[in-house]
Amino acid sequence: MTLDVVFAPMALEPGTFNVGDKVRVTVSFKYVIGVNTTVKLLAGPYYTNLFGKHMVSSCVGQADIDLPASSTPADGSGTVDFILVAKSLGGIENGTYGLRVWIEGTNAVAEQDNVLIVSGNSSGGDMFSSMMPMLMMVMMLGMIMPMTQQIGEGTEEG
Amino acid sequence: MKLKTLAIDLGEFKPLQESTPGQMPEPTTAGWYIDPRTGERVFYDPDTHKFYTLAGGVYIPLGYMNPAPKQVTLAPGEKLRINMSFKYSGPAISSAICYYSIGVYGLFGFDEKMVGQNSKSLPQYTTPTQVTDSYTFTLPTNVGNDWDDIYCKIYGGSPGVPQTLFGYEQALLIVGKDPTISEFMIADFAKV
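Just so you know, the protein sequences line up as chains A and B, in that order.
My numbering puts the first residue of the first sequence at 142, with every later residue one more than the last.
My numbering puts the first residue of the second sequence at 1228, with every later residue one more than the last.
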């Protein structure tokens, strides 16, 4: 009796990055093509919410890969860099993101959730964000209090 | 550049004039017949010496296209050699045509995209003897990804041989200008 053991490809280890960092992604694949051509390799972070996965478009990088003609499956590889643009520049927020890589115009896509841990955005924006609920509460109380006072006064009159 | 080959066996046949005793002769008039092997109704066309079956209102030559035993991957500029083989017994025949085609086989028949032919003379054989022929195609740069079917036939000559066809569906995998990518994966990512 023999036991066949197949090792699944090892998942990517999460990495920690600061905004402003340049991330280099290396891909490998096999391809066949009839003529020498150049394809476009793209990579970037994505986040997931109730409506699915969304690329952080401001952080997507791209690179060209030359594919020599080959009618039998040939090994291909490529690298692409992307920069984690800071939130203050219209880029990425602190958090955990997936990494997606793809070749434009083909069905070649690879991605993995929760491998980019991004931090380093300045606290100014964060402080404002954290204060927003409190400010909203104060504003609502400010609107509600005069209304309750008016209602109370009306009851006394009745 | 590698030369790739496909082999097709047309089986055994004899000249039109020759009829073996006990064997059902080829019909002489157009009409519907019953195939004794399958019981299927078939239509015979004496002009082309072919049987047809009716499918969806379209007459299709009976059973000449078959699933390919293998698929050959080809790119523009590469050469494909098709080898034809058959067994022949009968008188000497001059100038029979060995015909080859690459194209698209569909509901309305075989759309020939590339054709080639050789003139073949056969010596007299008293017993079924293996005969071969071949033709080499060079794929053009504008080859379509759907040019994946092939067929060949032998016909004509003096005295004439009955037209005999045989083909393979999806025998070719055409590798065109668009890449086909597999096993795409992220090998690594890191800060630089």
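No wet-lab data here; the hints were simulated from the structure.
If you're wondering where the values come from, they're calculated on a predicted model, not measured in any experiment.
For every residue, glycine included, the Cβ atom is placed at its ideal position computed from N, Cα and C.
Hints should not be assumed to be uniformly reliable.
[Unchecked claim] Only pairs whose alpha carbons sit at most 30 angstroms apart, straight line, appear in this in silico DSSO-like list of lysine-lysine: (1) B/Lys-1231 to B/Lys-1314; (2) B/Lys-1340 to B/Lys-1314; (3) B/Lys-1404 to A/Lys-171; (4) A/Lys-194 to A/Lys-181; (5) A/Lys-194 to B/Lys-1418; (6) A/Lys-194 to A/Lys-171; (7) A/Lys-171 to B/Lys-1306; (8) B/Lys-1418 to A/Lys-228; (9) A/Lys-181 to B/Lys-1418; (10) B/Lys-1231 to B/Lys-1297; (11) B/Lys-1231 to B/Lys-1306; (12) B/Lys-1231 to A/Lys-163; (13) A/Lys-163 to A/Lys-194; (14) B/Lys-1340 to B/Lys-1306; (15) A/Lys-181 to A/Lys-171; (16) B/Lys-1404 to A/Lys-181; (17) B/Lys-1231 to A/Lys-171; (18) A/Lys-228 to B/Lys-1314; (19) B/Lys-1340 to B/Lys-1404; (20) A/Lys-171 to B/Lys-1314; (21) B/Lys-1347 to B/Lys-1404; (22) A/Lys-194 to A/Lys-228; (23) A/Lys-163 to A/Lys-228.
[Unchecked claim] Short, incomplete list of chain A residues facing chain B, as computed with Cβ under 10 angstroms: (24) Gly-156; (25) Val-201; (26) Ala-204; (27) Ser-263.
[What the hints assert, rightly or not] Output of the computed footprint for chain B on chain A, the stretches with three or more beta carbons under 8 angstroms from beta carbons of chain B: (28) 158-166; (29) 212-224; (30) 239-245; (31) 272-286.
task: Measure nothing beyond the straight line between the CA atoms of B/Lys-1418 and A/Lys-228; if it is 30 angstroms or shorter, mark the hint as holding.
output: 19 angstroms, holds
- request: Take a quick look at whether A/Lys-194 and B/Lys-1418 sit within 30 angstroms of each other, Cα to Cα.
  value: 23 angstroms, holds
task: For the pair we were handed, A/Lys-194 and A/Lys-181, check the Cα-Cα distance against 30 angstroms.
output: 21 angstroms, holds
- prompt: Regarding the pair A/Lys-171 and B/Lys-1314, is the alpha-carbon distance no greater than 30 angstroms?
  reply: Distance of about 43 angstroms is beyond 30 angstroms: violated.
task: Below or equal to 30 angstroms on CA atoms is what counts here, so check A/Lys-194 against A/Lys-171.
output: Holds, at roughly 26 angstroms.
field: Pair hint B/Lys-1231 and B/Lys-1297, alpha-carbon separation not exceeding 30 angstroms
entry: 12 angstroms, holds
- prompt: Is the hinted pair B/Lys-1347 and B/Lys-1404 satisfied, with a Cα-Cα distance of at most 30 angstroms?
  reply: 37 angstroms, violated
- request: Under 10 angstroms, Cβ to Cβ, is where A/Ser-263 needs to be relative to chain B, so tell me if that hint holds or is violated.
  value: With Cβ-Cβ at 20 angstroms, over 10 angstroms, it is violated.
- prompt: Does the alpha-carbon distance linking B/Lys-1340 and B/Lys-1306 stay inside the 30 angstroms limit?
  reply: Holds, at about 15 angstroms.
- request: For the pair we were handed, B/Lys-1404 and A/Lys-171, check the Cα-Cα distance against 30 angstroms.
  value: Holds, at about 16 angstroms.
query: Would the pair B/Lys-1404 and A/Lys-181 pass a check requiring their Cα atoms to be no farther apart than 30 angstroms?
result: Roughly 15 angstroms separates the two Cα atoms, so the pair holds.
message: Please verify whether A/Lys-181 and B/Lys-1418 have alpha carbons no more than 30 angstroms apart.
response: Holds. A/Lys-181 to B/Lys-1418 sits at ~21 angstroms (cutoff 30 angstroms).
Consistency with the previously given hints fails for numbers 12, 18, 20, 21, 25, 26, 27, 31, ordered from lowest to highest.
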